[in-house]
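Q: With the hints as extra help, turn the sequences into a complete structure.
Each chain is listed here by its residues.
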Amino acid sequence: DGGITQSPKYLFRKEGQNVTLSCEQNLNHDAMYWYRQDPGQGLRLIYYSQIVNDFQKGDIAEGYSVSREKKESFPLTVTSAQKNPTAFYLCASSQSRESGNTIYFGEGSWLTVV
Amino acid sequence: SQKIEQNSEALNIQEGKTATLTCNYTNYSPAYLQWYRQDPGRGPVFLLLIRENEKEKRKERLKVTFDTTLKQSLFHITASQPADSATYLCALDQYTGGFKTIFGAGTRLFVKA
Chain A
-9 DGGITQSPKY LFRKEGQNVT LSCEQNLNHD AMYWYRQDPG QGLRLIYYSQ
41 IVNDFQKGDI AEGYSVSREK KESFPLTVTS AQKNPTAFYL CASSQSRESG
91 NTIYFGEGSW LTVV
Chain B
693 SQKIEQNSEA LNIQEGKTAT LTCNYTNYSP AYLQWYRQDP GRGPVFLLLI
743 RENEKEKRKE RLKVTFDTTL KQSLFHITAS QPADSATYLC ALDQYTGGFK
793 TIFGAGTRLF VKA
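Taken in order, these protein sequences are the chains called A and B.
Under my numbering, the final residue of the first sequence carries the number 104; numbering is consecutive throughout.
Under my numbering, the final residue of the second sequence carries the number 805; numbering is consecutive throughout.
Worth flagging that the hints you see were computed from the coordinates, not collected in a lab.
Among these hints, one or two may not hold up.
Mimicking BS3-like on lysine-lysine, the simulated pairs with C-alpha atoms at most 27 Å apart in a straight line are [to be verified]:
(1) A:Lys47 / A:Lys60
(2) B:Lys709 / B:Lys763
(3) B:Lys695 / A:Lys73
(4) B:Lys804 / B:Lys747
(5) A:Lys47 / A:Lys73
(6) A:Lys47 / B:Lys755
(7) B:Lys709 / B:Lys749
(8) B:Lys792 / A:Lys61
(9) A:Lys47 / A:Lys(-1)
(10) B:Lys747 / B:Lys763
(11) B:Lys751 / B:Lys792
(12) B:Lys804 / B:Lys755
(13) B:Lys709 / B:Lys751
(14) A:Lys47 / B:Lys695
(15) B:Lys695 / B:Lys747
(16) B:Lys763 / B:Lys792
(17) A:Lys73 / B:Lys792
(18) B:Lys695 / B:Lys763
(19) A:Lys73 / A:Lys(-1)
(20) B:Lys749 / A:Lys(-1)
(21) B:Lys763 / A:Lys60
Label-pair distances were calculated between CB atoms; the ranges are [what the hints assert, rightly or not]:
(22) B:Gln706 / A:Pro29: 21 to 29 Å
(23) A:Phe2 / B:Asp759: 43 to 51 Å
(24) A:Gln40 / B:Gln706: 42 to 50 Å
(25) A:Pro(-2) / B:Pro732: 15 to 23 Å
(26) B:Asn704 / A:Gly6: 40 to 48 Å
(27) A:Gln7 / B:Lys763: 31 to 39 Å
(28) A:Asn8 / B:Gly708: 24 to 32 Å
(29) B:Thr714 / A:Ser86: 28 to 36 Å
(30) A:Gln7 / B:Glu697: 18 to 26 Å
(31) A:Leu17 / B:Arg743: 20 to 28 Å
(32) B:Glu746 / A:Ser86: 17 to 25 Å
(33) A:Thr(-5) / B:Ala775: 24 to 32 Å
Residues from chain A that keep clear of chain B, each with C-beta distances beyond 12 Å, as calculated [stated by the list, open to error]:
(34) Lys(-1)
(35) Val9
(36) Asn16
(37) Gln27
(38) Asp28
(39) Pro29
(40) Lys61
Every residue, glycine too, gets a C-beta built ideally from N, C-alpha and C.
A: Shown next as structure tokens:
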């Protein structure tokens, strides 16, 4: 089935560690996104990519990094510089970055700092 | 910058009634407005898209209206069922040198049997 696969579903990070969240899509979409969701808040855009080997910062990129070496993959690294990383992370994709494109989401990854 | 406001209070209704959720936005009117459903611990799922030149859009028991004068969209679920219980997110595109989709915080809907 076509879709977006995120892994792991649950991840625990110790203080000072970097962790990487995986995101793979088989929808042949050009654009991919990472959002962060905190309780009672809307989705906030961390990074997005319109094409392979290119990505841009979103609204809350500090403490995060991404890569887009393949069209189907867009991993997110949460670095130790991110001071409050505990949240629900959502990867998404769309056909393109044009206005009005439907965004398809993965099932999300829960990151907890211990 | 564009902001989206959705009622943060949960909406509780009885099964069979019509649920109406509100999405208000500031600044300019977007060319498109979308509604998504999100279940607890899951990713949002697309429901409907309405264009600025459309007043109303329907899909089965769902209806969306778009009033660019009021800067508001209403999302209706008719003949609501307990299975409709979820959080509903409003989303629209903001142009900042390229289009970026921004989401409201969502409104939690509880449908009681």
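Q: Thr(-5) (chain A) and Ala775 (chain B), beta-carbon distance inside 24 to 32 Å?
A: The hint (24 to 32 Å, Cβ to Cβ) holds, given that Thr(-5) (chain A) and Ala775 (chain B) are roughly 25 Å apart.
Q: Mind checking the hinted window 21 to 29 Å against the Cβ distance between Gln706 (chain B) and Pro29 (chain A)?
A: The hint (21 to 29 Å, Cβ to Cβ) holds, given that Gln706 (chain B) and Pro29 (chain A) are roughly 27 Å apart.
Q: Lys747 (chain B) and Lys763 (chain B): Cα distance at most 27 Å?
A: holds, 12 Å
Q: Straight-line Cα separation of Lys47 (chain A) and Lys60 (chain A) no greater than 27 Å?
A: With a Cα-Cα distance of about 18 Å, the restraint between Lys47 (chain A) and Lys60 (chain A) holds, given a limit of 27 Å.
Q: Does Lys(-1) (chain A) lie within 27 Å of Lys749 (chain B) when you go C-alpha to C-alpha?
A: Violated, because 35 Å separates the two Cα atoms, which is more than 27 Å.
Q: Indicate whether the distance between the beta carbons of Thr714 (chain B) and Ser86 (chain A) respects the range 28 to 36 Å.
A: For Ser86 (chain A) against Thr714 (chain B), whose Cβ atoms are near 30 Å apart, the range 28 to 36 Å holds.
Q: Lys695 (chain B) and Lys73 (chain A): Cα distance at most 27 Å?
A: holds, 25 Å
Q: Taking the shortest Cβ-to-Cβ distance between Gln27 (chain A) and chain B, state whether it exceeds 12 Å.
A: violated, 9 Å
Q: Within 27 Å, alpha carbon to alpha carbon, are Lys804 (chain B) and Lys747 (chain B)?
A: Violated, because 30 Å separates the two Cα atoms, which is more than 27 Å.
Q: Is Lys695 (chain B) within 27 Å of Lys763 (chain B), Cα to Cα?
A: Between Lys695 (chain B) and Lys763 (chain B) the Cα gap is close to 11 Å, so the pair holds against 27 Å.
Q: For Lys61 (chain A), which was marked as not at the interface, is the minimum beta-carbon distance to chain B over 12 Å?
A: holds, 19 Å
Q: Given the hint that Lys763 (chain B) pairs with Lys60 (chain A), does the C-alpha gap stay at or below 27 Å?
A: violated, 39 Å
In the structure shown, a violation is registered for the earlier hints numbered 4, 6, 20, 21, 27, 28, 30, 34, 37, 38, 39, in ascending order.
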